[in-house]
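Heads up: the protein sequence lines correspond to chains A and B, in order.
Using my numbering, read the first sequence as starting at 1 and increasing by one per residue.
Using my numbering, read the second sequence as starting at 1 and increasing by one per residue.
Everything labelled a hint here was simulated from the structure, so no lab data went into it.
Nothing here was measured: the structure is a model prediction, and the numbers come from that model.
A couple of the hints might just be wrong.
[What the hints assert, rightly or not] DSS-like, lysine-lysine: derived pairs with alpha carbons at most 30 angstroms apart:
id, chain 1, residue 1, chain 2, residue 2
1, A, Lys10, A, Lys359
2, A, Lys10, B, Lys101
3, B, Lys142, B, Lys123
4, B, Lys101, B, Lys123
5, A, Lys86, A, Lys130
6, A, Lys279, A, Lys176
7, A, Lys10, B, Lys83
8, B, Lys123, B, Lys190
9, B, Lys79, B, Lys101
10, B, Lys142, A, Lys10
11, B, Lys7, A, Lys10
12, B, Lys142, B, Lys221
13, B, Lys7, B, Lys79
14, B, Lys190, A, Lys10
15, A, Lys282, A, Lys359
16, B, Lys102, B, Lys7
17, B, Lys102, A, Lys10
18, B, Lys190, B, Lys102
[As the list claims (entries may be wrong)] To spell it out: a stretch of chain B is covered by chain A in this simulated footprint if at least three of its residues, at any positions, have a beta carbon under 8 angstroms from a beta carbon of chain A; those stretches are:
id, stretch
19, 49 to 58
20, 108 to 121
21, 132 to 146
Using N, Cα and C, we set each Cβ at its ideal position, and we do this for glycine too.
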Amino acid sequence: MRLPGYTTLKSAAGSLLERPLRTLLTMLGIIIGVAAVYAMLSIGEGAKEKILKSIDSVNARTMSIYPDWSQGRASRRRPWRPFSDKDVEQIQTLPGVYAATGDLSRQYPIVSETSDWNANVNGIDAQYLKAKDLEIDQGRPITSVEISRRETVAVIGTSVVRSLFRDQNPVGRRIKINNIPFTIIGTVTSSAGDNWAGRDPDNFVLIPRTTGRARLFGDHRLARNQVRGIVIVGESQQDLGRIESEVDYILRRARGLSADEAPDFRIFNFSANRQSYAKSQKTLSLLLATMGAVSLLVGGVGVMNIMLVSVTERTREIGLRMAVGARRSDILWQFLTEAVVLSIISGLLGLGLGYGVSKISLGTDNIEMLFAPHIAVLSFSSALIIGVVFGFLPAHNASRLNPIDALRHE
Amino acid sequence: MNTPLIKTENLTKIYGRGAAEIRALDGVDFEIESGEFVAIIGASGSGKSTLMNMLGGLDRPDLGRMFIAGQDLGQMSNKALAKFRNETIGFVFQQFQLLPKKSARANVMLPLQYRRPRREDEKALAEQSLARVGMSDRIAHKPTELSGGQQQRVAIARALVDAPELLLADEPTGALDSKTSTDVMALLKKLNAQGITIVLITHDADIAAYATRIITMRDGKITADERTEKAP
Ligand SMILES: Nc1ncnc2c1ncn2[C@@H]1O[C@H](COP(=O)(O)OP(=O)(O)O)[C@@H](O)[C@H]1O
Ligand SMILES: [Mg+2]
Chain A
1 MRLPGYTTLK
11 SAAGSLLERP
21 LRTLLTMLGI
31 IIGVAAVYAM
41 LSIGEGAKEK
51 ILKSIDSVNA
61 RTMSIYPDWS
71 QGRASRRRPW
81 RPFSDKDVEQ
91 IQTLPGVYAA
101 TGDLSRQYPI
111 VSETSDWNAN
121 VNGIDAQYLK
131 AKDLEIDQGR
141 PITSVEISRR
151 ETVAVIGTSV
161 VRSLFRDQNP
171 VGRRIKINNI
181 PFTIIGTVTS
191 SAGDNWAGRD
201 PDNFVLIPRT
211 TGRARLFGDH
221 RLARNQVRGI
231 VIVGESQQDL
241 GRIESEVDYI
251 LRRARGLSAD
261 EAPDFRIFNF
271 SANRQSYAKS
281 QKTLSLLLAT
291 MGAVSLLVGG
301 VGVMNIMLVS
311 VTERTREIGL
321 RMAVGARRSD
331 ILWQFLTEAV
341 VLSIISGLLG
351 LGLGYGVSKI
361 SLGTDNIEML
371 FAPHIAVLSF
381 SSALIIGVVF
391 GFLPAHNASR
401 LNPIDALRHE
Chain B
1 MNTPLIKTEN
11 LTKIYGRGAA
21 EIRALDGVDF
31 EIESGEFVAI
41 IGASGSGKST
51 LMNMLGGLDR
61 PDLGRMFIAG
71 QDLGQMSNKA
81 LAKFRNETIG
91 FVFQQFQLLP
101 KKSARANVML
111 PLQYRRPRRE
121 DEKALAEQSL
131 ARVGMSDRIA
141 HKPTELSGGQ
151 QQRVAIARAL
161 VDAPELLLAD
171 EPTGALDSKT
181 STDVMALLKK
191 LNAQGITIVL
201 ITHDADIAAY
211 ATRIITMRDG
221 KITADERTEK
231 AP
C-alpha cells in the first residue's frame with residue numbers, strides 16, 4: 001500500500017533538491033530564526049534557573065543581619081559592632097517571625113578517640129534548629145535545660161559523623177573541642193540544597209550557647225551577651241518586608257542610630273532579591289523571545305518570497321500538472337508541503353545551531369536548560385507554523401492558476 | 001459504434017464583451033467516433049486551440065454542450081474534470097511541456113501520481129509506455145539530454161501512460177524539423193492503428209494528411225469536414 005501523502009512528500013523533497021542553492025538560502029532565514037529563539041530562551045531560562053536555585057537554597061523565608069561598617073561616608077565610619085541577646089529576644093517576639101536566632105560560631109579542631117577534624121562550632125539557643133530548618137537524625141536535640149545549665153553536650157552534622165565516626169551512630173560517644181570533652185547526644189542533616197557559597201553545610205557541631213560562651217568563644221570583640229549576627233525566619237515570604245522594617249527600627253534604637261543615619265548593620269533579605277530578580281528576568285526573557293520571534297518572522301517572509309518566485313517560475317509545471325489530472329487541492333498541497341518540509345528541516349537545523357550557541361554561552365553548569373524540551377518544542381513548532389502560514393499564500397496562488405494560461409506562460 | 005466518443009452541440013466560447021467580443025468558438029457541432037484520427041486545421045486565431053482545450057476539459061463552454069465518452073463535460077465539477085483529464089484524455093503539446101529536471105520515466109509517471117486509486121506498477125507502466133514510443137533506451141535521460149523529436153516521443157508516452165480514450169495533440173510537430181515531424185506523425189499513425197482515437201491540431205496540410213478526417217475551422221466555425229479514405 002502507498003501512503004497518500006508519501007508521493008507529495010517525495011516530490012516536495014525532490015523539487016527542493018532540484019534547486020539546492022535556493023533551498024539553502026530560503027532555509028537560512030528560518031534556521032537563524034529558530035536558533036535565535038531557542039538560544040535566547042534557553043540562555044535566558046538557564047541564567048534564571050541558576051540564580052534562582054542558589055537564592056532558593058537559602059531558605060526563601062530567611063533574612064540574615066550582620067554588622068556592616070562600610071555604609072555611609074568614610075569620615076563617619078564606625079567600628080564593627082555585634083548584636084546583643086536582647087536584640088534577638090525582641091525580634092523573636094515580633095509578629096510574623098517564625099524563628100530568630102543569634103549566630104555565634106567559630107572553627108575548631110574536633111578530636112574523637114581515633115581521629116580529628118576541623119568543623120564549625122555553633123553556640124546555639126533554643127530557636128536555632130527551627131531557624132535553620134534542621135531535623136534530628138539520631139538521638140535528640142539540645143534542651144533548654146541543658147542550655148541554661150551549660151552542659152557539655154553536642155549535636156553534630158553528618159559530615160562530622162562521616163569524618164570522625166565513619167558513619168556509625170555516634171550518640172553517647174565523646175569528642176573534645178579545644179580540649180574540653182563533650183558528649184554527643186544527637187546528629188542532624190541540613191535540608192537538601194543548603195549548600196551555598198561553596199561551604200559544606202553539614203560540617204558543624206552544635207553546643208549550648210552558654211557553654212560556648214563560658215568555655216570556648218574567647219573573642220575580645222564579643223561580650224558575654226553578644227552574637228555576631230542574627231538569622232530571622234518569617235512565617236511567610238510576604239511577612240519579610242514588614243519584619244525587615246521593624247527589625248531596622250529595633251536595631252537603630254538599640255544602637256543609638258537615628259532614622260536618617262546610615263546603619264552600621266546590613267539586612268540581607270533574599271526573598272526581596274528573588275522577587276525583583278524574577279521580575280527583571282521575565283522582562284529580559286520576553287525581550288529575547290521577541291527578538292527571536294522577529295527573526296523567525298523575517299525568515300517566514302523569506303520563505304514566502306522565495307515560494308512566490310518559485311510558483312511564478314514553475315507556472316508551466318503547474319499548468320501541466322493540472323492538464324494531466326492534478327486537482328487544485330493537489331497543487332495547494334504540493335506547495336504547502338514544500339514549505340512545510342523546508343520549515344521542518346530548517347527547524348531541526350535551527351535547533352542544532354541554537355543548541356550549539358547555548359552550549360557555548362551556558363557552558364557545562366546548566367545542562368538541564370540546554371535540553372529543555374519545552375523550549376525546543378516551542379521554537380520548533382514556531383518554525384512549523386511559520387512554514388504553514390507563509391507557505392499558504394504562494395501555494396494558494398499556485399492552485400488558483402488557470403491551466404491554459406499557465407501552460408502558455410513565458 | 002452507436003454512440004460517438006465526442007459529440008458537441010452549438011459549442012460556443014466568447015472572449016470579451018460588447019464591441020470587443022470575440023467568438024473563439026461560434027456554434028460548433030460535430031461528432032467523432034472512437035478510433036478516428038481527426039486533424040483540425042485552420043489559420044491562426046481560428047479557434048483550434050480553444051476547441052481542443054474544451055475537449056480536454058481544461059476550459060468550459062459559454063454556450064452549448066459536449067459529451068465525451070458518455071460524460072456531459074459542462075455539468076462536471078472541477079474535481080470531476082481533473083479526474084476526466086487524468087483518465088480519459090492524453091495531451092500532447094507543441095512545446096512538449098516536460099519537467100526539465102526529471103528523467104524521461106519520471107515525466108511519464110507524472111499523470112499516474114494523480115490517479116485515484118494509485119497503481120502499484122507505476123514504474124513498469126511508464127517503461128511500457130516509453131517502449132511503445134521507441135524510447136526504452138532513454139529512460140533515465142533528462143529532457144535536456146534528448147533531441148526535440150525524442151522529447152516529443154516522451155511527451156506522447158506520458159499522454160499514453162494511463163491508456164486514455166482520447167489523445168489530443170495541439171500542433172505536436174510545430175517545434176520540430178520536417179524529418180522529425182514525419183517520424184512523430186508516423187508514430188501517431190501507428191498508435192491510431194492500434195486503436196487510439198486522436199484529435200490533432202495543425203495549420204500544416206502535409207501534417208493533416210496523416211489523418212483519416214480533416215475538419216477545417218475559420219473564425220470559430222467549422223467550414224469543412226471531410227474524410228480522406230487513404231492516408232500516405
Ligand atoms: N484567454 C483569451 N482571452 C481573450 N481572447 C482569447 C483568449 N484565448 C483565445 N482568445 C482568442 O480566441 C481566438 C481563438 O484562439 P485560439 O483558439 O488560440 O486559435 P488557434 O489555436 O486556432 O490559433 C483568437 O482570436 C484569440 O485571440
Ligand atoms: Mg493554437
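Quick rundown of the hints versus the structure:
1. For a cut-off of 30 angstroms, the pair hint linking Lys10(A) to Lys359(A) is broken: about 34 angstroms separates their Cα positions.
2. With a C-alpha separation of about 15 angstroms, the suggested pair Lys10(A) and Lys101(B) falls inside the 30 angstroms cut-off, and the hint holds.
3. For the suggested pair Lys142(B) and Lys123(B), the alpha carbons sit about 16 angstroms apart, so the restraint of at most 30 angstroms is met.
4. A threshold of 30 angstroms between alpha carbons decides the hint, and for Lys101(B) with Lys123(B) the separation of about 18 angstroms falls inside it, so the pair holds.
5. Of the pairs offered as hints, the one joining Lys86(A) and Lys130(A) holds, with about 19 angstroms between alpha carbons and a cut-off of 30 angstroms not exceeded.
6. For a cut-off of 30 angstroms, the pair hint linking Lys279(A) to Lys176(A) is broken: about 50 angstroms separates their Cα positions.
7. For a cut-off of 30 angstroms, the pair hint linking Lys10(A) to Lys83(B) stands: about 22 angstroms separates their Cα positions.
8. Taking the CA atoms of Lys123(B) and Lys190(B), the gap is near 24 angstroms; set against the 30 angstroms cutoff, the hint holds.
9. Distance check on the hinted pair: Lys79(B) and Lys101(B) sit about 28 angstroms apart at the alpha-carbon level, within 30 angstroms; holds.
10. Among the hinted pairs, Lys142(B) with Lys10(A) is consistent with the structure: their alpha-carbon atoms are about 19 angstroms apart, no more than 30 angstroms.
11. Our distance criterion of 30 angstroms between C-alpha atoms is broken by Lys7(B) and Lys10(A), whose separation comes to about 40 angstroms.
12. Annotation: proposed proximity of Lys142(B) to Lys221(B) is violated, straight-line Cα distance about 40 angstroms (limit 30 angstroms).
13. Taking the CA atoms of Lys7(B) and Lys79(B), the gap is about 22 angstroms. The hint holds against a cut of 30 angstroms.
14. With a CA separation close to 36 angstroms, the supplied pair Lys190(B) and Lys10(A) exceeds the 30 angstroms bound.
15. The straight-line distance between the Cα atoms of Lys282(A) and Lys359(A) is roughly 21 angstroms, inside the 30 angstroms bound, and the hint therefore holds.
16. Distance restraint check for Lys102(B) and Lys7(B): the Cα-Cα separation of roughly 37 angstroms exceeds the 30 angstroms cut-off, and the hinted pair is therefore not satisfied.
17. At most 30 angstroms may separate the alpha-carbon atoms for a hinted pair to count; Lys102(B) and Lys10(A) meet this at roughly 13 angstroms.
18. Between the alpha carbons of Lys190(B) and Lys102(B) the distance comes to roughly 27 angstroms, so the proposed pair stays at or under 30 angstroms and holds.
19. Closer than 8 angstroms: that is the beta-carbon criterion, and the stretch 49 to 58 of chain B has 3 residues meeting it against chain A, so the requirement of 3 holds.
20. Requiring three or more residues with a Cβ within less than 8 angstroms of a Cβ of chain A, the coverage given for the stretch 108 to 121 of chain B holds, as 7 such residues are present.
21. Judged by the Cβ-Cβ criterion of 8 angstroms, the stretch 132 to 146 of chain B is not covered by chain A as claimed, because only 0 of its residues qualify and three are needed.
This entry does not satisfy hints 1, 6, 11, 12, 14, 16, 21, going by the numbered hints stated previously.
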